[in-house]
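Asks: Going line by line, the protein sequences match chains B and L. Here this note's numbering is used: the first sequence runs in plain steps of one and ends on residue 467. Here this note's numbering is used: the second sequence runs in plain steps of one and ends on residue 1240.
Calculated directly from the structure, the hints in this document are not laboratory data. Source: prediction; values computed, not measured. Beta carbons are placed, not taken as given, at the ideal position from N, Cα and C, and that holds for glycine. Treat the hints with care, as some may be off.
What the hints assert, rightly or not - Calculated pairs, EDC-like style, for lysine to aspartate or glutamate (alpha carbon to alpha carbon, straight line, at most 20 Å):
no.	chain 1	residue 1	chain 2	residue 2
1	B	Lys77	L	Glu1066
2	B	Lys77	L	Glu1096
3	L	Lys1205	L	Glu1156
4	B	Lys77	L	Glu1119
5	B	Lys6	L	Glu1096
6	L	Lys1008	L	Glu1066
7	L	Lys1208	L	Glu1026
Said to hold, decoys possible - Under 8 Å between C-beta atoms, here's a sample of chain B residues computed to sit facing chain L:
no.	residue
8	Asn3
9	Glu7
10	Arg14
11	Ser70
12	Arg72
13	Arg73
14	Leu74
15	Pro76
16	Lys77
17	Phe78
18	Thr84
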Amino acid sequence: MGNRYKEVLMTYVRRPFSSWPAAFCVLFGFYQLLFGWLPGGGASATSLAWGVLFLGGAVWLHFREQMVDSRRRLTPKFIRPHITVFLTLWVFLIGVCALLLLHSASLEVLDTICLLPLVFGYIGCCVATQIRVLPYLGFGALFWIHASAIPAAPRPFIPTDSPAVRLAIVSLGAAPSFGAIAGLGFAASLGAIAWMTRITEEHWGYEKPVGFTLYSEFSRAAGLFVGRLLKHSRNMGGTSQPKIPGRVYYNAPMVHGGPLRAALHRWRRADIFQTRLLLALLPIVILELLFMMLTHQRLWESIYYLQAVYPFIVALPSLLAASQWLKRLQFLETESLRPDSRRQFINSVFIAVAVQTLFAWLAFAGAVALVIAIIGGGVVREWTTLSLYFASLLVQPFGYVLCCWVLSYRRLATLFVLAAVAVDYEFWNRNLLLEMRTWFIIATVCMLLGLILIPFVYRRWMNLEMG
Amino acid sequence: MTLAISIKNLTKNFGSKQALRGVDLEIPIGATVGLLGANGSGKTTLIKCSLGLLRPTSGECQLLGESAWSLSASAKARLGYVPQVINLYPWMRVAELIQYTASFYATWNPELTDRLIKEWELPLNDRVRTLSVGQKQRLAILTAVAYQPDLLILDEPAASLDPQARRQFLQLLVELSEPEQRTVLFSTHITSDLERVADYVAIMKEGKIAWFGSLEALKERTHTSLEDAFLEIQQGVKHG
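Could you put together the complete structure from these sequences and hints?
Replies: See the structure below:
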């Protein structure tokens, strides 16, 4: 019954376009895989890595979602079309990636054949098993694989004489050979398929959310780890003290003491939920940026090309913080954790948002500064670079307002986010440099827009929050 | 007598908790059986075990003459199920979900589908995640009955429906149970629903079938209404 196969295939198209983050991931993956290879597209092996990660991840996530669905047990001839369509897509993606890799002339055929199933298999293992340490290991392995798989690349493999960095990179290289890993990747992915088809409701239950993403898994794992380190995890998202019946709470009851203590506590209680998310983001963001930068060939040509990463520092932190808070709104509205008063709520939210935006900015700026410090040996100290950093920091609150306003209109937000990230990425990918003056103009416009929008954002927040 | 469902000495443990304690139940083909029981009495576990969604700890469970744990594709094609917790793909549009489900069943009835969509006013272009609980319930019922299964199992199907939708659903259930070869098993808390539709009643108590027989036999035995009879059995009142 061909119709079944067509319908299953259609779910792979419909699924990503049912929500804007998923659509973005898939479009971004396609963009990286396809358009980046056009003349002047700024393609690199990094583009391929991104494409593989986003598209491979999307395919695996959707397949898993279907396989753990308990209807599988009761729907006739459910398994075969799903596995067939999945394997077809899998082979197709690997084929496309292999052609692109070979086109880049950076890899041997054998390396390509070994590398891609490994990567896809590995993504599948992460998705199927949900073992949270796997993605971290994967990042390390990807870095090593990418670096060591292109021995003929016209750049030094280890960019620094620093013993620590050399030790870290060499230790990553102490893994088994390519062939063995590729074999394991194949076996693991086939094993994952076999394992998933055996899952029953007994294991997962109806309530098990299956629409998770690799990104959230990363975040959750890192967040729990950091939370435990900070001994905050027991308080996260709730109160450590008994609630008084009839009283409404935000995250925890107020404490009484001096104003400083109250302010500190207010920051802590308001921020604790989001801090967890932000702290979770830090290692991921740093890893991602390091991975992108260290594998970007043209960065080695001139350290000044690093200026092309400034859009990341300027736009993404406030976008991240705004999107996290808008996600939080749904909970605040329904979980009866309303603030005692509007003033208290504004105080808490303001401090929390400010801290989170700063954290996000530090994550991006810190990663860039770290790379500049490693590669460029102190270029970061240049006054122009430093002034750009400070300007980008000043822009954050206004950028936050702008993002928040746009993101609160979901349909518009889709376009905005896609455009912002695409422009950011293109600046970086094509090493587009702007004059310092241009950056300051962009910052000023952003601030002015933010100032104009503050009242509108405030009204929308109040409408959403306070009913 | 040919049986649609045959359950023998079925037990199911969740850790140290015993959810089913040796259930025996035989439902003949063509019967419409209402499964009554207090909260936590094991109705949902029994239904899931009988469908092969949960592996029993011990005992035997057969569905349409096959082991429930390893149903063939042809048996699955004759089986319809509406779970208590509706778990449809939230990202699909209603029309897409219907189309997707229909592709797996050769006996899908487009006329019945169109009729139910119209009667229940299902918004075809809306995504499932945006539907109300009642609308999701209707959609789940639609996707379970539209291929006219021989055995229809519904776990509290009317729980989230408004009075009008419940009435429509019960009418549909009566209509569906008319063909002689069709068997319906549904669990409910609402005794009036059961009285309108069922011709057999199974009452569960503490993981066991406390009573199974025809509705008339139960009423004759207790000389009361179904609700009182249910309460009496729950409280362990003996009847001569």
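Asks: State the violated hints by number, sorted upward, taking the hints as numbered earlier in the document.
Replies: Hints 4, 12 and 18 are the ones this structure does not satisfy, whereas the remaining hints hold.
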